[in-house]
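A.B. asks: Modelling step: build the complete structure from the supplied sequences, incorporating the hints.
Keeping their order, the protein sequence lines are chains F and V.
The first sequence begins at 8 in my numbering and counts up one residue at a time.
The second sequence begins at -6 in my numbering and counts up one residue at a time.
Some hints here could point you the wrong way.
What the hints assert, rightly or not - Some but not every residue of chain F turned toward chain V, in silico, with C-beta under 7 Å:
1) 190
2) 221
3) 329
4) 331
5) 336
6) 337
Said to hold, decoys possible - Each computed BS3-like pair below joins lysine-lysine, with the alpha-carbon atoms no more than 27 Å apart:
7) F:35 to V:99
8) F:35 to V:246
9) F:43 to V:99
10) F:35 to V:938
11) V:1087 to F:363
12) V:297 to F:149
13) F:43 to V:246
14) F:36 to V:938
15) V:246 to V:659
16) F:363 to V:246
What the hints assert, rightly or not - For each label pair, taking beta carbons as the anchor points, the in silico distance ranges come out as:
17) V:97 to F:61: 47 to 57 Å
18) V:95 to F:232: 40 to 50 Å
19) V:87 to F:225: 20 to 30 Å
20) F:243 to V:97: 45 to 55 Å
21) F:232 to V:1041: 22 to 32 Å
22) F:61 to V:312: 57 to 67 Å
23) V:76 to F:179: 26 to 36 Å
24) F:362 to V:291: 41 to 51 Å
25) V:291 to F:259: 53 to 63 Å
26) F:232 to V:291: 52 to 62 Å
27) V:291 to F:253: 45 to 55 Å
28) F:243 to V:312: 26 to 36 Å
29) V:960 to F:291: 51 to 61 Å
No lab work stands behind these hints, which were simulated from the structure alone.
Quick reminder that beta carbons are idealized off the backbone N, C-alpha and C, glycines included.
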Amino acid sequence: MMASSYNAKDEDGHITVSGPGGGTLRSKKPENTAFKQQRLPAWQPILTAGTVLPAFFIIGLLFIPIGIGLFVTSNNIKEFEVDYTGVDMSSPCFNCSQNFSWNSTKPCTCTIPFYLDQPYESNVYVYYGLSNFYQNHRRYVKSRDDSQLNGDVNSLMSPSKECEPYAFHENKPIAPCGAIANSMFNDTLELFYNDPNGTRIPIPLNTTGIAWWTDKHVKFGNPGGNNPNLTAAFQGTTKPVNWRRPVYELDADPGNNGFINEDFIVWMRTAALPTFRKLYRIINKKSSMVPTLPRGNYTLEVVYNYPVRSFEGRKRVILSTISWMGGKNPFLGIAYITVGSVCFFLGVVLLIIHHKCGNRNNSADISN
Amino acid sequence: MECRLQRGPCVGEEIWVDSRTVYIGHKDPPPGAEANIPQRYPDNRIVSSKYTFWNFIPKNLFEQFRRIANFYFLVIFLVQLIIDTPTSPVTSGLPLFFVITVTAIKQGYEDWLRHKADCSINECPVDVVQQGKVVRTQSHKLRVGDIVVVREDETFPCDLILLSSSRHDGTCYVTTASLDGESSHKTYYAVQDTMAFRTEQEVDSLHATIECEQPQPDLYKFVGRINIYKDKEEPLARPLGAENLLLRGATLKNTQHIYGTVAVYTGMETKMALNYQSKSQKRSAVEKSMNAFLIVYLCILISKAVINTVLKYAWQWSPDRDEPWYNHRTENERQRHMVIRAFTDFLAFMVLFNYIIPVSMYVTVEMQKFLGSYFITWDEEMFDEELGEGAQVNTSDLNEELGQVEYVFTDKTGTLTENNMEFIECCVDGNVYIPHAICNGQILSAASSIDMIDSSPGGYRREHEDLFFRALCLCHTVQVKEEETVDGIKRGIHQGRPTSFYISSSPDEVALVEGMKRLGYTYLRLKDNYMEILNKDDEIERFELLHVLNFDSVRRRMSVIVKSSSGEYLLFCKGADSSIFPRIVSGKVEQVKARVEQNAIEGLRTLCVAYRRLSESEYQEACHHLNEAKLALQDREQRLAQAYDIIERDFVLLGATAVEDRLQEKAADTIESLHKAGMKVWVLTGDKMETAAATCYASKLFRRSTQILELTKKRTEEQSLHDVLFELNRTVLRQRSISGYDRVSVGLSVDCLDFGLIIDGATLSAVLKANQERAGSGNYREIFLEICRNCSAVLCCRMAPLQKAQIVKLIKASKEHPITLAIGDGANDVSMILEAHVGIGIMGKEGRQAARNSDYAIPKFKHLKKMLLVHGHYYYIRIAELVQYFFYKNVCFIFPQFLYQFFCGFSQQPLYDTAYLTLYNISFTSLPILLYSLVEQHITMETLKRDPSLYRDIAKNSLLRWPVFLYWTCLGVFDAVIFFFGAYFLFDNTTFTSNGQMFGNWTFGTLVFTVLVFTVTLKLALDTHHWTWINHFVIWGSLLFYVIFSLLWGGIIWPFLNYQRMYYVFMQMLSSGPAWLSIILLITVSLLPDVIKKVLCRTMCPTATERAQVTYCHQLHSETKALNCLVSRLGVRCLSCISCKSIPLVNHPGRPLGSLIALSNSMI
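C.D. replies: Quick look at the structure:
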C-alpha cells in the first residue's frame, strides 16, 4: 500500500552526459535526451498517512518481540559485582587503600568474601571495573606509540613525541612508552571457592582470549619478531615508571609476554567512558554437568597495587555470564519495546487522523 | 564648418582635462601650434591573462584565499599547525590542499590558454604605413598614432579613426557581431577631408592631430576632433563621432580595404577590452539567508567553544582531575601561563567543532548552481527554431531567484509583441491608404497598388500626398543591403528581383520603407550623399542628404534635411504624436489626430509625419547650430539636443502611419500564468497609452473585469496630483475592505474585481519628484506604492529608459523588499534589466544588448513561463533543501562530539577518527545531496505548468525562513542526542560481544558515526520525491562506499600512519549482534519525528504543493481504476486503489491526463 506513482515519463532513457558547454561544436539545438530534459523515468513516492501507517504497524510488530527477546535474554544473564576500593572503614581493603605508596616493596593483600546465591552455568567472565578514570582523556588517549607496540625497533629506542612525558626515563627509552602503558592496571585478583566442608579451592582463571585476536596477532608484536629472548630484545629500554616489573617479565608464557601480553593489550584499548570495565579472566566451563561456579561462598584475594582514591575512583570486580548479546544490559530491550510501542501507538493515532482528515481532503480533492 | 583653433574660444573649447592628443604618424604639430606634453599610452598588447609565470603562485593563492570558505579552512589549518589540537592538521589541510590545487591547476590551465590566445592575437600581422610605405608588423607593436591598413574581412587590431576607404563615398561596412552580437552591417564614415586619400604616400603626408576623450567603455559613444594642418594655414578642425571610430573586435565587410586609419586607443584601452570588465554582482535572497544562517552557526560554534572552555576549567579545578597520577602533563605544558592555556583550549575546541560551519556547502552550492544552470540551456522547450537559439545563462548565481519573483517588469515592444512590424495604413490629411499586398521582409515588385478610400483629387491634397510619401522614403536611416555582388543594386531593383533588402536598427523604419514601396515609392539607395527614390512613375528622384537629426528616445522623433533636385531645402520629421503635435503650425491636425487615436486603440503603433520648408538662410542657420554642437567636445549630446530643438519646429502636418506589432505567441497565456502564480506584472513601455493599453488587453494583462485606474497627465491636469492620488488610494482601499473576506476564501481573484493602474512617465516623475522636494507633507511615493500594491497589473507608458530603472528601484526599495524581475529586448531595457534582482533579456530583433546585459536570455516571452514556474520553482526547492540539509547534517555530525566532551573531561578528545572527520563532508554525504539538488522534482513539470498557483507556495523565501531553519536545527540536535546517548547506554559499563571482550572509545565513535551516516543519508532519501536511477545509485552507492571504506580503513595496518587506532574496529563492531540492533534502532528513532511531522502536516494542513502531489497521484489512480475495472469485467479483480505504485501507465509529457481518462471512458 504505497501511495506512490511510477512515472515513466520518457521511454527513451538514453542518457548522454556530455560535458558542460558542449565543447567547441556549436550545434545550438539542445539534445533531446531524458537527462537533459529532466525527464528521466522516476519513482515518485509520497509520504502520506496511507503509506506510513503500515510501516508504523510493521515496525511496532517487529520491534516489540525483538525487545522482549532482548529483555528476557538480558535478565537471564547472571552478574555479580563487588566493590573492593576500600573507602569504608569496614571494607577489608581499607588498610591497603590507606597505606598505599608507590615505593612499597611489600605487596598489600586483602581478602573479600562473597556469596553467590545462584549457580553460574556457562563460562564466567571476570571483569575489573574502574570508575572516574578518564581513559578517554585526550592527553591520555594519544599517549602511546603504535609502531613501538607493533615491534618496530626504531620506535622502541626512540618513542614518539606523543608519549611525553612518559617517553624517556633516566635517558633510556621507556618500553612501552606513554601514559596508557604507564598506568596499566596491576592489581592481581584471585578467586577461591569455599567448599561447604571448609577447604578453599582455587578457581582456575584463564588468561588468554581476553584481548581481540587481531590486536594480539597483528597490531601488537614484540621487537625482533619471534625472538624468544625478550630480555635481549628489550635491551637498552627501561620499564615504565609505575611498573614493578619490566615488560618482558609480565608473564612466564613466552606467547603472552612482552607487548603481546593480553592484560596489557586489554588495557591499551582505551575505554569510551570514564566508568568502564575490562575483561580480566575467563573461567571456562569444565563439563556440562557441573556449573562453572556453583552456589556458595567465595573469597576474592586482591593484591592491592592500584591507587584510585586520589581521583575518587572506584575499583570493582564483576563476574558475569554472557549471552549472544553480550553482558547484562536491559537498555536495548527496553528501548526496542518502547520504540515498538510508540510506533504502534502512533500508527493508531495516524489511522484515526487519516480517517477523519483523509476523508475531508479526499472530498475536497474530488470537488476540485 | 571650420573652427580656428588659436583664435577665440570656439564652442567646446574649454579646458578639457580628460582628453588625449594623438599625433597622426607621430609627427609633431607645426611649431607654435600647441606645445603638448607627449602622453604615454600602453602598447597594443591585449592582456586577458591574469597571471604571469612568476606571480602565478602568490597571486592565485591570494585570490583563492579571499574566498571565505578557503580562508576559514586556512585559519583552522594554521591553528592546528601552531597549537596542539585534537585533530591533526591533515583533517583540514588535505581538503584545503585538494581544493586549492585543483582550482589552481584549472585556473593555471585556463590562463595558459589565455596566454596562448593573447599571443596569437598580439602577434598577428598588421599593415602599418611608415614613411609612405606599407610595412608589416605585429599587432602588439602598434602604437597610438600609427596609421593602419585593414583589408576586407580582417578584424580591427585596435580602435581606429577611419581616414579613407576604398569605397568612393568614404564609407565602410562593419559588422560588430563579436562586440554586441548585432550581425547587421553598420556604416562608418571617413573624415571628410581625408576621404580622398588613395595611396600610402598621400596618407603619410597627412599632418594632423586628433583630440579625443580618454578611453571609456561605452561602445556607442565617442567624442573627438581632428585638427588638420596644411602648409602655413590655420589648422582645420573636424568633429569626430562614433561613426568615425572603428572598434577593435569588429570586422570589415564589403569594403576592399581601408587606408590610413589611425590608432587612437590601443591594447587594454580599447573599448572592447574595457567592456570585458565584469558587471556588478547580484546576490540572491537564498544567499542572503544562507549567510544569516552561517552567522548563527558561527555564534553557536563560538559559544560551544566558550562553554566547553569554561566548563573545562571549572571541572579540573581540583588538581586530581586536572592531572591525575596516570595522566601527567609535560613540563613545557605545565609552565605555560594559565591564560595562554585557556586560549589554546578555546582554539582547540574551535578546531574540534569547526565542522559545524559547513564549508563544503559553498563548494556544493556553487557546483549545484553551475551544473544546474545547464538544465536551462539544455531545455528543448525553450529553444526557438526560428532564431536557432535556446535559453542562455549568463550568471548561474540567480537560479533560485527565479523561483522567488514577485514583480515582473516587462517591456512591451519586442517582448510582449513580436517586434515584427507590418505596415498597415497611412493617412494623409485624413485620407487613408492601405496597401493591398501584405507581405513581410521581402521586396515585391514596384507595381503600385494603392487603395484609396475617399479619393477626391485636388492640388493641395496631391502636393501633400507627394510630400508625405517622399518624407517616408527619405526620413529614415535604413540601409540597402545588396546581395554580395557590388553591382547588385541595379540588377536587383531594376529587374524587380528580391536580391536586396532593407536593414535598420529599428524595425518600424523597415516596415515603413517597405510599406512605401508597396504604395509605389521605392527607396533605392544612398549614393554620394544623394538619396535615390523610384517614384510611382518609375522615375528616379534624387535628393541630397544634408543632415540627419538622429532618433533618440527622449525626443522621440527624427528628422532629415534634404535638398531636392529643384534646389528646395526640406526638413522632414517623423515621430511620436506627442512629440510632433506641439510643433505643428498648420495642417489637418484634427483629422489626423482622430485617425491616430483610433489606430492607437486598435493597438497599432502610430507615427506622425511633418515637414518644413527651409529658406536658404534658415538652412544656413540650422547648419550652423548643428555643426557647432557637433564640434563640441563636451556635453555634445546636450548641445545637439538643444540644436535639434531649435531646428525642429514650425512643422506642417502631413499625416500619420500605422504599423502593427503583433503579440508574441502565447504572451497572454504566459501573463495569465504569472498572475495566477501571484506575480504582479507591470508593463513598462515608451509607447502611447492607447496603444499600450490595447496590447495589455490583448495580452490579458487587463481583463474586461479589471477596473482601470488612470494616473496620467491628462487627469493630473484637471485635478492636482495630490487629489488624484488620494482618490485612487481611497477607491482601492474601499474595494479591498469589501472584497477582502471573499478573496481569502476564493483564493484566486479570477472573478474578483481587480485593479489595473495606468500611469505615464510624466506623472511618474511628478510623483517621485514631489517626494524629494517635500518629504514631510503627503508622501506621494508611499501612497503610490500603496495603490500599486493593490493592483494586479500596472501599465506604465511613455517611459524613458531611465524611468524604467527608477520604477524597478522604487519597488525594490519598498518596505517588503520584493524580488523583482525585468524582462526586455532592447537597449532601452538594459538599465532596468541591470537594476532588477533578475534581469532577463529577450534575443530580439533590436540587437543583443539586452541579452548581453541580462542574467538570463530567452528567445521568446512565452519561455518566461517555464523559466519561472518550472525551472525557478525547482531551483528554489533544490537549493533550499541543499542549504537546510547541509546545516542539519553538520549539526548531527558535530553535536555528539560536543556531548562527548562532558564524558571525557573536556579534553577535546574527538569522537570520530581523523579519516571520518575528513571524509564525512567530502565523500560520505556529499554526492547524494548534490545530485538531489540537481535532479529533484517534487512535483512533475506538467503539474507545475498546469497549476501556476503552486508558485505561491514558495513565495517569500518560504523554505528558508527562520522557523524552518529552527526546525532543521532542532531535528539535527535531536538526532545527535539520539546517536550519542543511544551509543552511550549501549556502552554503559557492559559488554556487547558474545566473547566477553570489550570495546574501546574508537568503537564508540564508529558506532555513532555509522548511525550518523545512515540516518543523514536516509533522511535525504525520505525527502526525495523523484527517484531516478541516479538518486538510487548515489544514495545507496554512498552508503555502500562508507561501509567499504570503513572495512578497508580498518582492515589494514596502514604503514604511513603513526597510529593504528581504527584497526579492525569496524569489523569487530559488525561482529556484534547488539551493535546491529542498536544501529537499526537508532536510525529508526532518529528518522521517526521527521516522518511524523511530514505525515501530520500533510494530513492536517496540506499545502497546495502537497495537495497537487496527491492529486496527481489520484489522477493516475482514477485512470487505473477505470482501466482496472474494465479489466475486472474480464474476471480480473479490480485492485483497491490507494496505491498507484503498480500503475504501468506511461504518462507522456504534454499528453493530458484527461485524454487518457476519456480514452478509458470511451472504452467502457
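A.B. asks: Please go over all the hints and tell whether each is borne out by the structure.
C.D. replies: So, going through the hints one by one against the coordinates:
Annotation: residue 190 of chain F was flagged as interfacial toward chain V, and the flag holds, the nearest CB pair being 3 Å apart, inside 7 Å. Annotation: interface hint on residue 221 of chain F holds; nearest CB of chain V at approximately 4 Å, less than 7 Å. With 7 Å as the threshold, the beta carbon of residue 329 of chain F comes within range of chain V, its nearest partner Cβ sitting at about 5 Å, so the hint holds. Annotation: interface hint on residue 331 of chain F holds; nearest CB of chain V at approximately 5 Å, less than 7 Å.
Using the Cβ-Cβ criterion of 7 Å, the hint placing residue 336 of chain F at the interface with chain V is satisfied: the shortest such distance is roughly 4 Å. Annotation: interface hint on residue 337 of chain F violated; nearest CB of chain V at approximately 10 Å, more than 7 Å. With a C-alpha separation of about 26 Å, the suggested pair residue 35 of chain F and residue 99 of chain V falls inside the 27 Å cut-off, and the hint holds. The hinted pair formed by residue 35 of chain F and residue 246 of chain V meets the criterion: a straight-line CA distance of about 25 Å does not exceed 27 Å.
A C-alpha spacing of about 25 Å is found between residue 43 of chain F and residue 99 of chain V, which places the hinted pair at or below 27 Å, so the restraint holds. Restraint check: the Cα-Cα separation between residue 35 of chain F and residue 938 of chain V comes to about 25 Å, which is no more than 27 Å; the hinted pair holds. Taking the CA atoms of residue 1087 of chain V and residue 363 of chain F, the gap is about 17 Å. The hint holds against a cut of 27 Å. Between the alpha carbons of residue 297 of chain V and residue 149 of chain F the distance comes to roughly 24 Å, so the proposed pair stays at or under 27 Å and holds.
A distance of roughly 39 Å separates the Cα atoms of residue 43 of chain F and residue 246 of chain V; the hinted pair therefore is violated under the 27 Å criterion. Taken as a hint, the residue 36 of chain F and residue 938 of chain V pair is honoured in the structure, with Cα atoms around 23 Å apart against an allowance of 27 Å. As the CA atoms of residue 246 of chain V and residue 659 of chain V are separated by approximately 38 Å, the hinted pair breaks the 27 Å bound. A distance of roughly 77 Å separates the Cα atoms of residue 363 of chain F and residue 246 of chain V; the hinted pair therefore is violated under the 27 Å criterion.
Distance hint for residue 97 of chain V and residue 61 of chain F: a CB-CB separation of about 54 Å, consistent with the stated range 47 to 57 Å. Between residue 95 of chain V and residue 232 of chain F the C-beta distance comes to about 44 Å, which sits within the given range of 40 to 50 Å. For residue 87 of chain V and residue 225 of chain F, the Cβ-Cβ distance of about 27 Å falls inside the hinted range of 20 to 30 Å, so the restraint holds. Separated by about 48 Å at the C-beta atoms, residue 243 of chain F and residue 97 of chain V satisfy the suggested range of 45 to 55 Å.
A beta carbon spacing of about 26 Å between residue 232 of chain F and residue 1041 of chain V agrees with the range 22 to 32 Å that was offered as a hint. Taken as a hint, the range 57 to 67 Å holds for the pair residue 61 of chain F and residue 312 of chain V, whose Cβ atoms sit roughly 60 Å apart. A hinted range of 26 to 36 Å holds for the C-beta pair residue 76 of chain V and residue 179 of chain F, which are about 30 Å apart. Remark: the range hint 41 to 51 Å for residue 362 of chain F to residue 291 of chain V is upheld by a beta-carbon distance near 47 Å.
A beta carbon spacing of about 60 Å between residue 291 of chain V and residue 259 of chain F agrees with the range 53 to 63 Å that was offered as a hint. Our hint of 52 to 62 Å for residue 232 of chain F and residue 291 of chain V holds, since their Cβ atoms are close to 53 Å apart. Range check, residue 291 of chain V to residue 253 of chain F: about 52 Å between beta-carbon atoms, so the 45 to 55 Å window is met. In this structure the supplied range 26 to 36 Å holds for residue 243 of chain F paired with residue 312 of chain V, their Cβ-Cβ distance being about 35 Å.
For the pair residue 960 of chain V and residue 291 of chain F, the beta carbons lie near 55 Å from each other, so the given range of 51 to 61 Å is met.
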